[in-house]
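Asker: Listed below are the residues making up each chain.
Number of protein chains: 6
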Amino acid sequence: MPIVNIKVTREGSAPGRSAVTAEEKALLIKGVSQLLLDVLHKPLDSTFVVIDEVEMENWGWGGLPAEAFRAQRAAEKK
Amino acid sequence: MPIVNIKVTREGSAPGRSAVTAEEKALLIKGVSQLLLDVLHKPLDSTFVVIDEVEMENWGWGGLPAEAFRAQRAAEKK
Amino acid sequence: MPIVNIKVTREGSAPGRSAVTAEEKALLIKGVSQLLLDVLHKPLDSTFVVIDEVEMENWGWGGLPAEAFRAQRAAEKK
Amino acid sequence: MPIVNIKVTREGSAPGRSAVTAEEKALLIKGVSQLLLDVLHKPLDSTFVVIDEVEMENWGWGGLPAEAFRAQRAAEKK
Amino acid sequence: MPIVNIKVTREGSAPGRSAVTAEEKALLIKGVSQLLLDVLHKPLDSTFVVIDEVEMENWGWGGLPAEAFRAQRAAEKK
Amino acid sequence: MPIVNIKVTREGSAPGRSAVTAEEKALLIKGVSQLLLDVLHKPLDSTFVVIDEVEMENWGWGGLPAEAFRAQRAAEKK
Numbered sequence: 315m316p317i318v319n320i321k322v323t324r325e326g327s328a329p330g331r332s333a334v335t336a337e338e339k340a341l342l343i344k345g346v347s348q349l350l351l352d353v354l355h356k357p358l359d360s361t362f363v364v365i366d367e368v369e370m371e372n373w374g375w376g377g378l379p380a381e382a383f384r385a386q387r388a389a390e391k392k
Numbered sequence: 315m316p317i318v319n320i321k322v323t324r325e326g327s328a329p330g331r332s333a334v335t336a337e338e339k340a341l342l343i344k345g346v347s348q349l350l351l352d353v354l355h356k357p358l359d360s361t362f363v364v365i366d367e368v369e370m371e372n373w374g375w376g377g378l379p380a381e382a383f384r385a386q387r388a389a390e391k392k
Numbered sequence: 315m316p317i318v319n320i321k322v323t324r325e326g327s328a329p330g331r332s333a334v335t336a337e338e339k340a341l342l343i344k345g346v347s348q349l350l351l352d353v354l355h356k357p358l359d360s361t362f363v364v365i366d367e368v369e370m371e372n373w374g375w376g377g378l379p380a381e382a383f384r385a386q387r388a389a390e391k392k
Numbered sequence: 315m316p317i318v319n320i321k322v323t324r325e326g327s328a329p330g331r332s333a334v335t336a337e338e339k340a341l342l343i344k345g346v347s348q349l350l351l352d353v354l355h356k357p358l359d360s361t362f363v364v365i366d367e368v369e370m371e372n373w374g375w376g377g378l379p380a381e382a383f384r385a386q387r388a389a390e391k392k
Numbered sequence: 315m316p317i318v319n320i321k322v323t324r325e326g327s328a329p330g331r332s333a334v335t336a337e338e339k340a341l342l343i344k345g346v347s348q349l350l351l352d353v354l355h356k357p358l359d360s361t362f363v364v365i366d367e368v369e370m371e372n373w374g375w376g377g378l379p380a381e382a383f384r385a386q387r388a389a390e391k392k
Numbered sequence: 315m316p317i318v319n320i321k322v323t324r325e326g327s328a329p330g331r332s333a334v335t336a337e338e339k340a341l342l343i344k345g346v347s348q349l350l351l352d353v354l355h356k357p358l359d360s361t362f363v364v365i366d367e368v369e370m371e372n373w374g375w376g377g378l379p380a381e382a383f384r385a386q387r388a389a390e391k392k
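First to last, the sequence lines map onto chains C, Y, Z, S, D and E.
In terms of my numbering, the first sequence is residues 315 to 392.
In terms of my numbering, the second sequence is residues 315 to 392.
In terms of my numbering, the third sequence is residues 315 to 392.
In terms of my numbering, the fourth sequence is residues 315 to 392.
In terms of my numbering, the fifth sequence is residues 315 to 392.
In terms of my numbering, the sixth sequence is residues 315 to 392.
This is chain C alone, in the form it adopts within the complex (with noise of 0.2 Å):
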């Protein structure tokens, strides 16, 4: 009976994508669920996934809102 929750930045894969698509939700649940069944030997309809989108500014890393800690890292790189 597992719970799976997913916390993700609420944007794009790709260049051109603002948001994870519906099509990416359904793989993401799909093996995690499959993971499950794997490794724990749980059916698949006994796993609950909840996928939760965040805003970027809603999220921190470093200290920093998510994209200024990007932006940071990118520059320490270089």
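The hints are simulated quantities; they were obtained by calculation from the structure and are not laboratory data.
Incorrect hints may have been included.
As the list claims (entries may be wrong) - Taking lysine-lysine pairs in the DSS-like style, the calculated list, with each CA pair at most 30 Å apart, reads:
1) S:Lys356 with S:Lys344
2) Z:Lys356 with Y:Lys391
3) D:Lys392 with C:Lys356
4) D:Lys391 with Y:Lys392
5) E:Lys356 with E:Lys344
6) S:Lys391 with E:Lys344
7) D:Lys392 with C:Lys392
8) Z:Lys344 with D:Lys392
9) E:Lys356 with S:Lys391
10) C:Lys356 with C:Lys344
11) C:Lys356 with Z:Lys392
12) Z:Lys356 with Z:Lys344
13) Y:Lys356 with Y:Lys344
14) D:Lys344 with D:Lys356
Once you've looked at the hints, dock chains Y, Z, S, D and E against the given chain C.
Answerer: Same frame as chain C, now just chains Y, Z, S, D and E:
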């Protein structure tokens, strides 16, 4: 000092509704707070309730997005 | 397909008890599942409930660990 | 590797504002990440922060939706 | 920067085991992190995974504690 | 009415300690409650804090259990 989190899909409970209504939310808040008072003697004003409404495509069950899972179940029952 | 999470402090509801009992947990599970059936017409077997018991020192209220906060409140009422 | 989740109601902190501002969110992210560095020596870049803004009608306290609870409290203090 | 939370009951996946093993946990962590890389191109080192093991009596399904629900289901299938 | 959840690995912050101490927890509770008062003007007694301590083997980063990930990082820095 309980904290209750209720996650439901964002959909109406009757035809013509597309979301949980404010009245239904108030009933959930009242009911679960009363339950914690009745069972564990928690004072009403020490209970927090947060309701999350989750888009249908962000909810997975049976390895599928919720709508596809419901369609599959309905087909199986025929 | 609701998911309910109930967080309570790990303590007894009556003198001589140091934790929530299995009977109390069963009442919480039954009560909140029934509430979701009554208010939102969610079938019982589509509701998952998870109860988290949190150590007293891991719970904060009023800027203080829970026990210190309760002592402060009790002192204020005198 | 801490994960911090901060849930607040979606409302402004001053008249004329209807939501938490990006500046306030940045201050929350910075402050809580610094706190984990100060208290537990967690490096800034190992801390994730997620802020959830919750609609007023989805938040319950005292067995009531948040606005009704605040109105009740304000009336009691008169 | 995904955060994945996996909640499962504290029980073994095979006779003679009473809990999820460290190896099984490592497989869950590896599998779901890889899934986020494959589907959303999230670098492995930006994904956090937290596994919660929940006592059987703290998990509810079908309005019943998990063990009672399983027994009921098994009886129905006969 | 904020709710703050802080998840950290169950380990000591200094040699000879195997867990977060009660004093450190009290500092986290005090600090984050004060932060919400300073930034969003939330009264101290409307903020709940819950600290979750997670076993090292239940925490994943970089596709690995936390300890393996740390060892890998340390080796890379050499």
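Asker: None of the hints should be skipped; say for each whether it holds.
Answerer: Outcome of the hint check:
1. Proximity of Lys356 (chain S) to Lys344 (chain S) is assessed by CA-CA distance (about 13 Å); at most 30 Å being required, the pair is judged to hold.
2. Our distance criterion of 30 Å between C-alpha atoms is met by Lys356 (chain Z) and Lys391 (chain Y), whose separation comes to about 18 Å.
3. Restraint check for Lys392 (chain D) and Lys356 (chain C): the C-alpha separation of about 21 Å stays at or below 30 Å, so the hint holds.
4. Among the hinted pairs, Lys391 (chain D) with Lys392 (chain Y) is consistent with the structure: their alpha-carbon atoms are about 18 Å apart, no more than 30 Å.
5. A C-alpha spacing of about 13 Å is found between Lys356 (chain E) and Lys344 (chain E), which places the hinted pair at or below 30 Å, so the restraint holds.
6. Of the supplied pair hints, the one linking Lys391 (chain S) and Lys344 (chain E) holds, its CA atoms being roughly 27 Å apart against a limit of 30 Å.
7. Annotation: proposed proximity of Lys392 (chain D) to Lys392 (chain C) is violated, straight-line Cα distance about 66 Å (limit 30 Å).
8. Under the criterion of a C-alpha separation no larger than 30 Å, the hint pairing Lys344 (chain Z) with Lys392 (chain D) is consistent with the structure, at around 25 Å.
9. This hinted pair checks out: Lys356 (chain E) and Lys391 (chain S) have alpha carbons roughly 18 Å apart, not beyond 30 Å.
10. Of the pairs offered as hints, the one joining Lys356 (chain C) and Lys344 (chain C) holds, with about 13 Å between alpha carbons and a cut-off of 30 Å not exceeded.
11. A distance of roughly 54 Å separates the Cα atoms of Lys356 (chain C) and Lys392 (chain Z); the hinted pair therefore is violated under the 30 Å criterion.
12. Restraint check: the Cα-Cα separation between Lys356 (chain Z) and Lys344 (chain Z) comes to about 13 Å, which is no more than 30 Å; the hinted pair holds.
13. For the hint linking Lys356 (chain Y) to Lys344 (chain Y), the alpha-carbon distance of about 13 Å falls within 30 Å, and the restraint holds.
14. The straight-line distance between the Cα atoms of Lys344 (chain D) and Lys356 (chain D) is roughly 13 Å, inside the 30 Å bound, and the hint therefore holds.
In this structure, the earlier hints numbered 7 and 11 are contradicted, and the remaining ones agree with it.
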